[in-house]
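*Asks:* Sequence:
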Amino acid sequence: MQQEARMKFSLVDGVRQEPSPKVKGLCQFCGKPTLSKCGTKVRWHWAHARKDSCDPWWDNESQWHRDWKNHWANDYQEIVNFDEVGEKHIADVKLPNGMVLEFQNSPMSHKELQSREQFYGDMIWVVNGRNLAKNMKLRAALPDPNHVSMVDIGVRNINHKTHFIYFHISECQPDELIEIHSSDKIESLIKDTHVGHFFYEWKRPKQVWLNAKKPVYLDFGKGILWQLKRFNEFSSFCIQAHRKEEFLRRYGAVA
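Mapping to my numbering: the sequence shown position 153 is 154, numbers consecutive.
Treat the hints as calculated values from the structure; they're not laboratory data.
Treat the hints with care, as some may be off.
Okay, the calculated beta carbon distance ranges per label pair [stated by the list, open to error]:
id	residue 1	residue 2	range
1	Pro108	Leu139	18 to 28 Å
2	Cys31	His169	52 to 62 Å
3	Ala74	Val24	20 to 30 Å
4	Gln18	Asp123	20 to 30 Å
5	His182	Ala74	49 to 59 Å
6	Leu139	Glu85	35 to 45 Å
7	Glu188	Lys138	13 to 23 Å
8	Ser63	Asp193	58 to 68 Å
Since we're looking at a predicted model, the values are computed, not measured.
Beta carbons are placed, not taken as given, at the ideal position from N, Cα and C, and that holds for glycine.
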């Protein structure tokens with residue numbers, strides 16, 4: 002049975018509105034009738050009169066979803082987007098500059114990830130990481146990859162609590178061995194330039210997020226977002242801490 006699609010907005014007399022008791026509307030995406038669901042056990046929402054979901058990309062709205070979207074003005078939430086051939090999808094949040102923020106709570110296939118990134122173009126993923134946190138551990142702290150001292154440095158994760166290995170990119174030549182160094186040698190550089198990058202250990206990683214071409218931020222709660230990224234193009238994946246309030250300010254949130 003297809004899950005009921007819960008939406009924050011529907012069209013009432015042609016105007017986008019949030020749900021209120023005993024009101025009917027039309028889906029802003031497909032134009033089919035919607036009903037306001039305003040009970041006491043589930044947060045108020047709109048649903049199709051017939052239980053279907055018109056946008057196959059729609060991630061049914063959880064409280065986590067709603068809380069994230071509510072950081073932005075209503076005019077930026079649940080925006081219908083069209084491409085040049087007429088395909089359309091609903092973006093969780095679309096900023097005035099065209100950037101899309103997608104808040105992903107449920108599992109997603111590699112094919113859908115690629116399709117969404119191609120469709121939206123300029124976009125960011127925010128992923129509910131609370132079910133992932135139990136399988137992830139922070140490992141060694143890293144220096145700032147943009148520091149001038151790191152221009153010729155590649156790093157590799159060895160899943161050690163405090164250490165990693167590094168090499169000089171300029172020494173990487175075809176069919177030649179390169180010298181590997183312990184991070185002990187650059188301990189002071191790590192301490193002086195660290196801006197939130199860490200290696201991590203991830204048991205049973207969700208490979209789909211490591212394949213993303215657009216920025217991916219994991220939300221484990223507690224006011225910190227963790228961005229998955231490569232330290233640089235010659236290096237292993239790492240994770241960088243960002244304060245949630247700074248992320249919201251950077252992308253024009255109002256609350």
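*Asks:* In ascending order, which of the hints set out earlier in this document are inconsistent with the structure?
*Replies:* Violated: hint 8 alone.
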